[in-house]
Structures are given as C-alpha cells and as structure tokens.
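Since the structure of chain A is already known, use the hints to place chain B on it.
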Amino acid sequence: MAGFLQEIVEGLGAGAIYASLALALVLIYQFTGIVNFAQGELAMFSAYIAWQFMAAGLPFWLALVLTLAVSFVGGMLIERVVIRPVEGAPELTVVIVTVGLFIFVNAAAGWIWSFLIKDFPNPFPGGAIEAGGLSLGYSTLGIMAVVGVVMGLLYLLFQHTKVGLGMRAVASNPSSARLVGIRVGWTLALGWGLAATVGAVSGILVAPLLFLEPNMMGGVLIYAFAAATLGGFDSPVGAVVGGLVVGVAETLAGAYVGFIGSDLKVGVPLVIILFILLLRPQGLFGRAAVERA
Amino acid sequence: MSENAFLTVTDLRAGYGGARVLHGVSLAVGQGEICAILGPNGAGKTTLLRALSGMVRVRGDVRLDGADLSGRSPDTIARQGVAHVPEGRGTFMPLTVEENLRLGAFVRRDRRSLRGLRDLRGRRGGSAVDADLERVHTYFPVLKTRLKQVAGSLSGGEQQMLAIGRALMLRPRLLLLDEPSLGLAPMVTQELFRIVRAVNEEERTTVVVVEQNAHLALSIAQQAHVLESGRIVLSGSAEQIRADEQVAQSYLGYRV
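Protein chains in written order, with full-length UniProt numbering: chain A, 1 to 293; chain B, 1 to 256.
Bound-form chain A, shown alone:
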C-alpha cells in the first residue's frame, strides 16, 4: 500500500510539470485558437537563457526573474512578428507555422549552446520528508508548490484584474472586444507573452530533472498535449488536473502493468489522448459551448 501511495506521489510530481506546460498551451489556445506546437521548445529556450544568466554568475533566483521577463517579451515579439501575419489564416497554415517555429527554436538552441547536455542546478534541496512510510521529496513538493502559485496568479489575473477581464473578452469574442475599445492585437501578444512566461517556469522545472539539452521538452510536450486534451483545451483548471492525472496514470502504468514498464510508459499519454478524443472531445473540464440562439 505504501508503495502504491509512493507511486502516486511520484506521479503527481511528474504531473505538476506536465501541468505547467499544458497551462501554457491552454493559455494560447484560449486566446487565439492556436495549438502552439513550439511551446515546449520555447520553454527549453527559456531554460537555456536561465542557464546562461547563471553561467554569467547570477544567483538562481535573479536568473529566474530575468528569464521570466525575457520570456514574456520574447513571447510577445513572436506573436507580433511570426504569428500576426498568419492571424485568421486556415488552421493548417498556423499549425505549420508553429511547427516551423519548433524546428527553428530547437536548431537555434543547438547552434547557440550545442547539443551537449548541460547540468542545471535544482533550486530545491535534495532531501525528502518522511511521513507515514511515504517519502516526499523537497523537489517534488517544490514543483507542486510552484505550479500551484502559477495557477493562483493566473486566477487572480483573469478573475480580478481589468487586463484579465479584457483578455477573457478577447478570447470569447474578438470583434466585440474591439468595439468596446480593447486593443485586441496587443491583448493577443500579451497572451503569448504570458504563455511563454508560464512555459519558462515549466522549462526551468524540467531542466534539473532531465539535464538541459535542446530536445529536452519533446517528451514533456506530448504529456502536456495529453493533459490539455484530457482537461479540455479551453480550461486552465482542466490543464492542471489533466497534467496530474496523466502523471499519475503514467507512473502507475509503468509500475504495475507488467508489459508497459518504464520503456512503454511514454505510450500512456497517447492512449489517453485517443480515448478522450473518442469519448469526450471537449475534455473533462472543456465547455461544450453554452449558447442559446
């Protein structure tokens, strides 16, 4: 039993990371209807930026703050420069652009920092709290706390600020948002900036666990897709719950389903995506739009 609970704890820890990247995906999808395939690569790039700051001698927390700021501005710039020209283009066009961005960012990171893995410091101490036969790693607890804080901040932003209200208005009806005087273009850029910032948090959480290298987020992105699909692409809460569920499912499947083991567990999110799309395409928390004609 203790072993089972331990697996669940491990799963939640992994799930919190998937949740953080899924949050970034959902943010952009909500505002623009775009599934940003490059989200993981942007997160990876942000992690490299943090690494660079630390290599220059800055302490971790200062590097973190600077990285978040750079990522925010970078996300806005990408929206203005790369996404804006294809705004309103058919979905396939936009998908191709974000896939192109994926390849570009990946190659750029390799070109700048090489494909050799780099050590990335873990901001959390190494030990663990032992409680009732369970071992709760500080790292796992820290990751969950960070994701919780990010969620809380996003909630405050969206529900209790004017900017957040404007962003939700743009997500729901861009042309009407324009008529009430909201600068829609800037709001979309703001959404990308915000998503890139959340993604940066994700990248910085992942880097110490997987080592820093340009392909580090590839696997995480697939889990994040599964999380967002499970929770509903238009629901930030769904993304987080989805991430946790995917993390736990993956860990349990790896531990208890004999033929899956640690090699096949990467397949778990794909199976989740498949079943959700078949059974409940809008996801667990997604809205099947409430509208009266």
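Some hints here could point you the wrong way.
Quick list of in silico lysine to aspartate or glutamate cross-link-like pairs, EDC-like style, CA-CA up to 16 Å [what the hints assert, rightly or not]:
1) B:144 - B:98
2) A:162 - B:239
3) A:162 - B:130
Calculated directly from the structure, the hints in this document are not laboratory data.
In this text the structure is predicted, and so the values were computed from the model without any measurement.
Just chain B, lined up with the frame of chain A:
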C-alpha cells in the same frame, strides 16, 4: 442642421477587399437626434455602421463633434464615445452578465471599479461605473436579476438588452444600433425601441439605428435615410419618409 451637426459623414466609401459596398454616402445627424437608416438587404446599412465605428477601412470624412474619426481604429473610436451594438449583439457568451456590462466601460478611466467584479480587498460599489450599472438596471430591470448568470444562457431578447446595456456603460455620445429587432418577438422589439427612445430623451444620446422594421424605426426617429446599393436615395424627416409613396411600398408594406 448641417452647419452645427454632431455627426457629419461626407462622401464615405467603404468595402471589403476589392468589393466596394458604400459609394459615397453623406449625411448629418444633429446632437440628441435619432437617425434611422432604412433599406433592403445588401444595401450597405451594416457596412455604414461598421465604417462609423472603424471596423472597416473607409475613405471619406467622418466627424463627431468636429473630431475626425475616419481611418481611426475601433478602440480609438470607442474612446471618443462611440458605442456600436453590432448585428448579432456581440455578446461575450462565456462571461457573466455583469462582466459583459463592465466591459462596456472598458475604455473609461475609472480604474478601481473596473478591476473585475470587486477589487482585491473586496471593496465594492461607489464608483461612477457602479452608478452606471445601476442606471442600466433601471432601463433593463431583467438584467439585474441575471447579473451572475453566463450571458450565453440569456434569451435573444435579453441578449439584445444586454448589448444595449453594454453600450450604455460607455456613456456614449453616439450610439450605433444594428438591427436591434432581428430575431425578436414583436413585443420585445417594441419594448426595446421604447427604451432606446427613453435613453435618447433622458441622456440626449445621439442614435443612428439601422433597421429592417422601417415602421418601428420611423416611430422613434426624427430623420431617416434610405440606402440602396451603397447610396442614399432618399433623405428627410421621419414624417416625410413615412409619407413617401415609394418607401411605403418598398419598406412599410402598404400604400399611402
């Protein structure tokens, strides 16, 4: 009228891509007047309103109280006090009724009250925007009972009321209404027009209303223009237009 008109439109041309819809429309509306724009489907009525609020690119001259609005972006025009209730009502479906109304005041510089529904310390009320919320409730009491409800769950008539209420939250100097009667029961439509008239009388808001239901529009308007194929073919006071035999045949459904 035209010397000291509040809204003057001169030789307005507008369209979508290569397709020109408006071919040089000129009109003037005095302050506090209601102006009805009539005409068949495809005449360019909606495009005219969209041109006034900056939703389509225009050539020509649009002036509101002397200020040039032509070529400005919709958010700039909204800041000038122009509220456009679009065709299809423009409801923010997943947001609550209260959030929809508060968005109407988005460009007003009354920061505290606009921080969502209450500010972070939980304070409520007291600001000009809250006062305007009350004002909208007096025009549309039904909205007050639905404040926390998701706007998408309102009936068509309630959504139209919400759309007009949202526009009033701007304290507009110019209110543009696009087919407020569309898809509504006659009783609801009459109620809406009665309220528009009341707003116009009590707040001296200038109104331009596009309407298929010419009879109803002429009943509240002082002046009217008939638009056909992107040109104004007939202008006059509401009585003159109502008395015009050709208009009567085409849009009012009876002979004088």
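**Request:** Go through the numbered hints given earlier and state which of them the structure violates, listing their numbers in rising order.
**Result:** The structure breaks only hint 2.
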